[in-house]
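A.B. asks: Under UniProt numbering, read the sequence shown as residues 1 to 243, first letter to last.
It should be emphasised that the hints constitute simulated quantities derived from the structure, not laboratory data. Hints should not be assumed to be uniformly reliable.
[To be verified] Below 25 angstroms or equal to it, Euclidean Cα-Cα: the simulated DSS-like pairs (lysine-lysine) are:
(1) Lys-157 / Lys-113
(2) Lys-132 / Lys-194
(3) Lys-194 / Lys-167
(4) Lys-163 / Lys-201
(5) Lys-199 / Lys-167
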Amino acid sequence: MLPTKHLSGAQKRKKRKQLDQAAESQMGALHRFLSVSSNAEVGQDQGHQHVADVDANNEQNLDAEANANDDTQAPGDDNQAPEDDVEDQGHQQEDEMSTIFDPRTWECLDNRKKDILIEKGPVRELNLQFPKDSTARHLSYAYYSRNLSNGEIVDRKWLVYSKHVDKVYCFCCKLFKSNQNKSHLASDGVRDWKHLSEKLKSHENSEEHLTCMSTWNELRLRLSKNKTIDDEMQREIAKEKER
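Build the full structure now, drawing on both the sequences and the hints.
C.D. replies: If you want it as structure tokens, here you go:
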């Protein structure tokens, strides 16, 4: 076994210095590692914070865009209302025209509606299934025709039917009735199918009915003539514009 070698004092001081330097170098490396790790964590935290801020900003931007889109689309919804109004008005006009030819609505007619009826005349709906009364009687299309003594068949154009109340009326007497006209065909209508044939014959030969028929024909011709004059004036105006 080799004998233990003792260092001199100078050698011991040199070795201690080397150990101290090594320790200091290790401490510096540790501080640098801790510093770098701390900075990395701070940077990572800042990175997460930055990402969170970006996400928050993106969400705010998306909300702002959504609100902007809602504001942009809102006028479109408002503009839809006039189209609905126009459509409703169209349906209302169709309903008005469909009921204007129903004699049960002729008690209070303004001049415009009365002129339409005078010009167009009565409307006869075909292929109706007339309801039966308590005695199994009902209206028949045969009542629209009148058989004369000479065998001639005349159309009763003035006879109109309301399917809503199941009654017949006189077109011209309903429109131009006077206080002297007591016929139900000129007022409330008739649903007495058993005696309808006699009532029609009596009515069409009455003075009141003949007067109303004459009034209807005169006004119809006058309206037609005025319409013809208006059409001619429109054509003349169009020709003047072309010159």
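A.B. asks: If a hint holds in the structure, say so; if it doesn't, say that too.
C.D. replies: Against the structure, the hints come out as follows:
Between Lys-157 and Lys-113 the alpha-carbon distance is near 19 angstroms, which keeps this suggested pair within the 25 angstroms criterion. Straight-line distance between C-alpha atoms of Lys-132 and Lys-194 comes to about 12 angstroms, which keeps the hinted pair within the 25 angstroms bound. Between the alpha carbons of Lys-194 and Lys-167 the distance comes to roughly 13 angstroms, so the proposed pair stays at or under 25 angstroms and holds. Pair hint Lys-163 plus Lys-201 holds up; C-alpha atoms about 22 angstroms apart against a cutoff of 25 angstroms.
Restraint check for Lys-199 and Lys-167: the C-alpha separation of about 13 angstroms stays at or below 25 angstroms, so the hint holds.
Of the hints listed earlier, there is not a single one the structure fails to meet.
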